[in-house]
Amino acid sequence: MIRVGETQWEGFDGLAEDLLEELRPEAEGAVFAAGAYFVSELKTTLTGQRSGRVYRVAKRKTAPQHQASREGEAPAVLFGHLRNSAGMDEPKWEGRHSVGVHVGIGLGVQEDSEIAENYALRLEYGGTDSRGVYMAPRPYMQPTVDRVTPRIDAMFAEIVGGAR
Amino acid sequence: MNWDILLDAFTGEVAAMPAVVALAGEAVRYGGEVEHEVPSCVIRMISDTESELWAPVTVQVDLFHKSAAVVLTAERALRRRYHADLPIPIGNLNAWAQYSDGTVTASPERDGYFGRALRFTFTPLRAAYSGG
Numbered sequence: 200m201i202r203v204g205e206t207q208w209e210g211f212d213g214l215a216e217d218l219l220e221e222l223r224p225e226a227e228g229a230v231f232a233a234g235a236y237f238v239s240e241l242k243t244t245l246t247g248q249r250s251g252r253v254y255r256v257a258k259r260k261t262a263p264q265h266q267a268s269r270e271g272e273a274p275a276v277l278f279g280h281l282r283n284s285a286g287m288d289e290p291k292w293e294g295r296h297s298v299g300v301h302v303g304i305g306l307g308v309q310e311d312s313e314i315a316e317n318y319a320l321r322l323e324y325g326g327t328d329s330r331g332v333y334m335a336p337r338p339y340m341q342p343t344v345d346r347v348t349p350r351i352d353a354m355f356a357e358i359v360g361g362a363r
Numbered sequence: 038m039n040w041d042i043l044l045d046a047f048t049g050e051v052a053a054m055p056a057v058v059a060l061a062g063e064a065v066r067y068g069g070e071v072e073h074e075v076p077s078c079v080i081r082m083i084s085d086t087e088s089e090l091w092a093p094v095t096v097q098v099d100l101f102h103k104s105a106a107v108v109l110t111a112e113r114a115l116r117r118r119y120h121a122d123l124p125i126p127i128g129n130l131n132a133w134a135q136y137s138d139g140t141v142t143a144s145p146e147r148d149g150y151f152g153r154a155l156r157f158t159f160t161p162l163r164a165a166y167s168g169g
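Residue numbers (the working numbering), protein chains in the order written: chain E, 200 to 363; chain G, 38 to 169.
Just to be clear, a hint being listed does not mean it is correct.
Taking CB as the label site, the calculated pair distances span [stated by the list, open to error]: (1) E74(G) - E357(E): 26 to 34 Å; (2) P126(G) - T261(E): 41 to 49 Å; (3) R259(E) - I125(G): 18 to 26 Å; (4) E72(G) - L219(E): 55 to 63 Å; (5) L162(G) - K260(E): 41 to 49 Å.
Chain E regions said to be covered by chain G (calculated; three or more residues, Cβ under 8 Å) [said to hold, decoys possible]: (6) 264-277; (7) 303-310.
Far from chain G, some chain E residues (derived; all Cβ distances over 10 Å) [what the hints assert, rightly or not]: (8) R255; (9) E313; (10) L320; (11) G331; (12) D345; (13) R346.
Please keep in mind that the hints were generated in silico from the structure rather than gathered at the bench. As the structure is a prediction and not an experimental result, all values here were calculated from the model. No residue lacks a Cβ here, since even glycine has one placed at the ideal position from N, Cα and C.
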């Protein structure tokens with residue numbers, strides 16, 4: 200899997216304990232904000248018109264039409280299961296100097312391990328479904344990581360700068 | 038902008054690697070709307086972030102073959118070549134090359150063949166730093 204599940208900041212080494220106490224809430228806030236920003240950008244990636252195949256979502260003639268994604272595009276929203284499963288958990292401390300938060304698929308309002316483990320992975324990398332049909336990748340996580348990384352780096356840099 | 042030069046050079050190199058030739062023969066191609074083939078080696082660009090200073094490029098290589106051993110030999114060869122601590126020459130470019138990720142995309146008990154997707158991140162150096 201893409202290792203983007205965690206936004207983490209380690210910047211406390213060598214600081215006095217009283218200063219650490221002062222900085223911890225700020226660091227936790229920065230990590231939380233970075234995680235929330237990532238989730239919102241991930242949902243943005245998973246939103247919008249696509250240019251793939253058009254088909255009816257049910258067999259009856261009056262059923263609404265759905266336009267799927269083309270190979271290489273982020274997935275189109277049909278029922279919204281993937282997008283609704285994007286989310287984050289609470290910031291957690293590892294020891295005294297490191298705080299992190301998990302973000303990704305399977306942590307949102309729709310928690311479904313099947314989506315997290317199979318569907319999400321198959322869309323990102325491509326793969327064969329239960330009928331044995333190969334589907335080319337519809338990457339959504341990697342483009343989001345590329346897009347948000349500079350901004351998240353800047354968010355952490357602001358905190359580090361503020362600590363000086 | 039270097040991603041097009043890099044992708045061309047990378048595809049040429051991969052198509053000529055003995056382990057990839059053993060896996061796919063001439064069935065090495067860019068990803069696109071064509072029928073899925075086994076065996077094959079499919080290369081596609083996942084992202085190019087032109088807005089960043091160094092413009093890294095993520096490329097996915099899909100390997101499909103009925104034999105796990107053939108897939109793994111090709112994977113090992115690709116990772117040995119394209120995961121390095123220092124910049125490596127790819128075509129006329131010098132680039133940082135790192136294996137960033139991989140996953141299984143097909144399994145023999147269900148599909149009758151093996152599938153592996155590998156992702157490499159390339160960061161072409163600016164001409165000023167290429168020593169040429």
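Consistency of the hints with the structure:
no., hint, result
1, E74(G) - E357(E): 26 to 34 Å, "50 Å, violated"
2, P126(G) - T261(E): 41 to 49 Å, "60 Å, violated"
3, R259(E) - I125(G): 18 to 26 Å, "57 Å, violated"
4, E72(G) - L219(E): 55 to 63 Å, "59 Å, holds"
5, L162(G) - K260(E): 41 to 49 Å, "58 Å, violated"
6, 264-277, "holds (count 3)"
7, 303-310, "violated (count 0)"
8, R255, "21 Å, holds"
9, E313, "15 Å, holds"
10, L320, "6 Å, violated"
11, G331, "6 Å, violated"
12, D345, "4 Å, violated"
13, R346, "8 Å, violated"
Of the numbered hints given earlier, the model fails hints 1, 2, 3, 5, 7, 10, 11, 12, 13; all others are met.
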